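Engineer: Take a look at the letters that make up each chain.
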Amino acid sequence: MKKIHPTTRIVILISALAMISAFYIPLWQILMWAPQYPEGLEMKIWIDNITGDVKIISALNHYIGMRPIELSMFPEFSYMKYILAGIVAIGLLAAGFNRMAGLLVYILVIVGAGVAALLDFYMWGYNYGHNLDPNAPIVVPGMAYQPPLIGYKQLLNFTAYSGPDAGGWLFFIIALVLIAFLLLEWFKFSKSKA
Amino acid sequence: MKKYNFYFMLAAAAVMLSGGCKPQGPAGVTTGGAASKVYVAPGQYDEFYNFVSGGFNGQLAVYGLPSGRLFRNIPVFSVNPENGYGYSEETKPMLNTSHGFVPWDDFHHPALSTTNGEHDGRWAFGNANNTPRVARIDLSTFRTVEIIELPNSGGNHSSPFITENTEYVVAGTRFSVPVGENRDVPISSYKENFKGTISFIKVDPQTGRMNIAFQLRTPGFNYDLSRAGKGPSHGWFFFSCYNTEQAYTLLEVNASRNDKDFIMAVNWKKAEEYLAAGKGKTEKVRYAHNVYDEKTHSASSTILEEVTVLDVMELPGIVYFLPCPKSPHGCDVDPTGEYIVGSGKLAALMPVFSFTKMQQAIANKDFEGEFQGIPVIKYESALHGEVQKPGLGPLHTEFDANGNAYTSFFVSSEIVKWNVKTLQVLDRVPTYYSIGHLCVPGGPTKKPHGKYVIAYNKITKDRYLPTGPELCQSAQLYSIDGDKMQLLLDFPTIGEPHYAEAIPAGMLKDKSVKIYPIEENQHPYVAKGEKMARVERKGNDVHVYMTAIRSHLTPDNIEGLRVGDNVYFHVTNLEQDWDVPHGFAIKGALNAELLIMPGETQTLLWKPQKAGIYPFYCTDFCSALHQEMQGYARVSPAGSGTPLKFSTGEPAAANQ
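As given, the protein sequences belong to chains S and D, one line each in that order.
Residue numbering for the first sequence follows our numbering, beginning at 1 and increasing consecutively.
Residue numbering for the second sequence follows our numbering, beginning at 1001 and increasing consecutively.
Hint data in this document are derived by calculation from the structure and do not stem from the laboratory.
Here the structure is a predicted model, which is why all the values come from computation and not from measurement.
Worth double-checking, as some hints may not be accurate.
Here are some chain D residues pointing at chain S (derived, C-beta under 8 Å) [what the hints assert, rightly or not]:
| no. | residue |
| --- | --- |
| 1 | Asp1427 |
| 2 | Ile1549 |
| 3 | Arg1550 |
| 4 | Gln1576 |
Heads up, the beta-carbon is just placed ideally off N, CA and C, and yes, glycines get one too.
Kindly produce the complete structure, drawing on both the sequences and the hints.
Structural biologist: Structural data, given as structure tokens:
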């Protein structure tokens, strides 16, 4: 099978090592503003934790019957670190393997993990925003409070924003760079070698 | 000829009637640009915090400058039912004294802590004039955290004044009083039995904790105001003294006889030497020391029984007197520390003393005599010069960073700007009316922030809409940026303002505490969650461990209380969000309400007098469902068998 260009190999290695930082930086963020919260509230999602104004957001959410946000709601936190470790390992193997197939598998795993994470987040958000306590102090008929998947959304008096944090952007950029090198391999490096 | 005279008189009368001879009305004094200079647009912040004593309200008010907007009235020496200060079980000990619980006092002088003679934004100190005490207020929480009583003192007026690095807070007695074991003496034995006392309160540089390091026993007359030396004069303190006549009745006349009274110069480094050499005498006294603990959210009060006294009439070199004309009031040290300004209330001039000259005079023994064994330095030997005809009734002087002084004149109702070195009067502006203290931001420090001078007036008369016989006192803001002082703003004050200090907002704003972390709450009756909310009976004492969170109290149904019980509502605010206090009040309580800050626990003692149902509720509009934040307590007759029950959110059980 065809070997990859040495530059591609280095890029794969660097990307795999860079992803180790995702253990230590927040991956996703949710920001909220309201007239009473001009300074904003924030929630940071890490590989195995949620930080920020979680208690305050939970206290506010109780009015509309949303459950308090607790770590135990997210079984993902118990295994996400292994998935990340797996991705890093696959990246290192792909660099060692030094073949196109390795690069392809590596990219598919990263993109697949990203799509799965978004899908998982969407399903959690749907459930969290729709599955409300019928005895909540404030019940607005027909109203659900699913947070935005990506971007801005108005939820009663709050403007909510959801989007990648440093770790999320890192994944996104790595995926783009790897895809770029995949294309280079196909259309440039292969020809120049031939 | 007669006719001519008649017309002349008619014309003169017309001029007089038209008001031509009246002084210019106050409205004409401000100029067009004033409004824009004090306008702080909605949502914008002020440039300075202004800490203004409340005088007879016993509290410390916090205003913004240049807007004059009132932010807070910090309870210090007086009870404050609106937030429970002095009523909650936690804060009652703050107002304990050797006389018992004192619910009121008269707060005259705030002093902001300094490091190297400059504001450091850590603490404010304040004096209780009537039952002598000094308080410390934490400038990150804007709360009174410590109060220490002063034995051997009466009328704690020359207080609190602080040294360059806040080593000491001093407190001089206004009234001399009998000291020692027997205090039941004839008033007419004043000269023999009455003594002055200057207390040196040591401040812990880390915690701010105060203790009386020593007291100076001084001659028996009145000690009015004080300032610490700074720079070259660091190590010295200056006190104005009046009633050197040692009168004890009709002081208005009898204490105004002497041509000159004194400014007392105190070499406190020398006093420290005597103290270290064991020259202090331990005396039996009683005074309270009250400390608020931010972790237990509770104050404790300890009665202390000893104080160390250094007698300046026996220990030479601590004290020297500078003669100062006619009952000096203010005694202010300029930013360089070289000049000491005396303000004789009844004098037609103001002497400015030179610290260097005073030191030379002491070295040369250039004395004109002595008073009770204390050397009196020759007036001319220590004098830098006199400000001639500055105005009537000089009281206090503040300074800017450019070598200028600003003196308040009570009788002629004006502020006079003059140059400290040249002693030339540069400008004067009227105040409305009868200014007492004045404040230049940073004025008492080595580095004045300048920009404004604020007048604190005793009389307002026609300046505001009348409110019956009792009118507001007021402050007036003047720009001092230019050569001429310019009146910018009048604003009414609460209480009677005496001294005030101002500090740049940036020095305090960002370290202002927002919440108390609930995990650090070490209150013995805290409930750190609704699961820990409960009611416990111990004999006639019932402890309700209550929690408050938007928008319910837990428990909100309590039964099994009895007439004769002491019911302690220990309310913990579970919120950890900024600006979400909860309140607590119950019908018929004979004390007050509670305001509980996020993460804090406060206790209201309730002694139900009659059987029945008593509503309680949150008094601070906390949320959209604040009006739902309520509950009921059932009180049964004494000795009744109603079981103790408590709940929140559970349907009522069958009637008991």
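Engineer: Hints first: check each against the structure and report whether it holds.
Structural biologist: Hint by hint, here is what the structure shows:
no.: 1; hint: Asp1427; verdict: violated (43 Å)
no.: 2; hint: Ile1549; verdict: holds (7 Å)
no.: 3; hint: Arg1550; verdict: holds (6 Å)
no.: 4; hint: Gln1576; verdict: holds (5 Å)
The structure shown violates just one earlier hint, number 1.
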